[in-house]
Amino acid sequence: MSATAAPEQKERQVRTVSSRRRALRPYLLVLPSLLLTIGILYPFGLGLFYTFFNYAAATPIPDFVGLQNYAAIFSSPEFWQSAWVTLRYAVSTTVVETLLGVGVALLLFRGSMAGRVLERVLIVPLMIAPVIATIMWSLMLQPTVGVINYLLSPLGLGGVEWTDSPRGAFLSAVLIDAWIFTPFVALLALAGMRSLPRDPFEAAAVDGAGYWFTFRKLMLPMLWPYILVAVIFRFMDSLKMFDVIYALTRGGPGDSMMVLQVRGYQEAILYTNFSVGLTYTIVIWAAVFIATRLLVGVFGRAQARAAGP
Amino acid sequence: MDDRKSRIQASNVVTNALTIAYFVFALFPVFWILLLSLKPDEQLFTTYFVFDPTLDNYKTVLGLSGGTSGIPFARFFVNSLVISFGAVAIALVVGVPAAYAAARWKFRGSESLLFTLLSFRFAPELTVIIPLYVIYQKLGLFDSYVGMIWVYQLIALPFVVWILRSYFQDLSPELEQSALLDGYTRIRAFFLVVAPLVRPGIAAVSLISFIFAWNNFVFPLILTASDAQTVTVGSLSFLGGNKPNYNFTAAAALIAAIPPLILAFSIQRYLVRGLSFGAVKG
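If you read the sequences in order, they're chains P and B. Residue numbering for the first sequence follows this note's numbering, beginning at 1 and increasing consecutively. Residue numbering for the second sequence follows this note's numbering, beginning at 1001 and increasing consecutively.
In isolation and in its complexed conformation, chain B is listed as follows:
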């Protein structure tokens, strides 16, 4: 019995040690980038862990102090906000009715529409973006909010339709049936009975699509130049040039990483379902 107990204890130690080892690997980069972003220029090449921390890099990157990085990162941040928010808003307006219809009615073409949307999730984006690059230049949509919000539907719409459909399917149709019997119209039944019940799903899907829109890199890389450029492309341009500023780059990367992280923590419970497109309910 004693032997068994010590074996269990030993295996607990091993489990804890391996778990900690993995999380050191997972979190160390973020920790070290934070250090690098606080490092003053003079100590950039001379120390690794001990230095006099300063917020100057953040101030310069965001253009708050006299100094400038030459890259309008604060504007890129606003662009990312506007474009991601616009993309999610349109995807919700367009996608919620479609998700509801696909969950409640069997009708011709619904399967093909759903499959097409799913294929967007797996299709290489470049096949769509290269022709769009040509079309946008002709239409004047290149490097514009409208053009970006439009192309981001490629990410946001499949998320909204697929994930919300699985939430609607979880609700019994009898809910609406009884509301209809109580004299509600379909539309009132939807807004007063169904919508409140799927509100967590709608919130989760909005935030997930927002995160993926925010994190996208290929669309703004090809379809913007400066006016509508986003933080992902902006951060990478800090590494370009002859004399890259490593501490500015670190500050920019952290600023770009913070919004999706905050949103992700607020919907952690719903993430598995969202990330697997409703395939795993979590």
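One chain only, chain P, in its complex shape:
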């Protein structure tokens, strides 16, 4: 098409820049982003670098200590306790949010009267800052002014000190996390359901297949890639969750909710042991990285399977 466009020829010559400049063009366009990215990678690299030193406010001129920080962390019971809470938290929230989110998406997908009206406000919890959402829930769970115990009292369940026991704090945090992020899973699953082809479902309905059968054998396999995207996002985010747990109990009561992020914060900022705190964050970073790789691999296989043989 272009070769035969004779009238444009003259203008094209004027416009033609040297091929060298043309090859450079994409690089010029990404250069600002690249500089900014390097600006962010620099402190990250520095952070990694510091984990091999004993840098702290008390030792402003740090010594190289090799892998001592890592060795110290891996042999401390605090680390394993933190790692265990982090994992329990991430798995619990991801499972609850995925099940509830897909359930809500199924309800909305059926297009009931209530669903059509309420779908518009589905995003409300998700768009409130997690720390603000946690403040709201803290107020509701608060033993004196809180409304939750008041509502529970007719059931004979009043007077619960929600965040004063390790078990209560854990359940409260999972509840709050689920309140915030269930809409995220629901939104993605609903978008997936609406993009599925209709023919197979009509065929199944003609054959008299039941709702659960159709869901399990027909919808779920096609929906897997969408659900997995949601699971990846939720699992990664809850491995490094800070806001909800910090705002709820600062990692307490005691050490019971000291997830790795909060402990890293405590070591680095409150105790000014920068190197130790950073070592915690590098360990989370590695865990998130490995988990992402694994889940993205699962995602690729699921997508291939959903696309059909």
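Since the hints were derived computationally from the structure, they do not count as laboratory data. Given the structure is predicted, the values throughout are model-derived calculations rather than measurements. We put the beta carbon where it would ideally sit given N, CA and C, even for glycine.
Facing chain P, according to a computed beta carbon distance under 7 angstroms, are these residues of chain B, among others:
(1) V1094
(2) A1101
(3) L1132
(4) L1154
(5) A1257
(6) L1261
Given the coordinates of chain P, work out where chain B should sit on it, guided by the hints.
Okay, now just chain B, sitting in the frame of chain P:
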């Protein structure tokens, strides 16, 4: 046939009931916080749902009346606005060309740049912030707008580049080709042909990054003290101290929640794509 009809009716009732149950769970906290924020001090501990509503808590939190909460929340609100707006503006100026280049040209390093930006989305922020905390103190950027806008690129830039790239990819390159044949320069072709078509995408990505910048908590918690502190950290400080003011806290939390909610409703159609980083087109 009758039996089938009543079964369908029954399942509709169940669907409606379950839907309403979920939304009661999702919306009740906001409703109750609104009530708490309107409650006068005298009735704070004596009633749950019936009281004489007042706007005093809002006035005190925002410093509009004589009373003061001791926390300059109105200033934190302005800080949140300035920092989030600045962060998005810079991310757009820097990120739009990069997104366009990544969508249109195959060149060395583009994949690594994109992957690095994506990894920012998943990396624990503390790994970057703790060294920045030390660096900022030395450079005098601690507790400053510039320092905050800079670190917020960690949130805003990946959003802009990834999501806009997927919008640019949706456009056929033939659009620019024909504009170039008509004698447009690349730059004019971009601004006159491509940009208008991705305008909804640019608007959506700006608002999403704004919401996430506004809602962030860790950055201002560690990198600010008072001058550049934002509403998220400010709201939490209402709960601190010996005698927390629950009704002030509720008012502050609602004020902090309103801007992102308003923005989110205006871009609802584009949210799925934004939240999933372009992975789900919605």
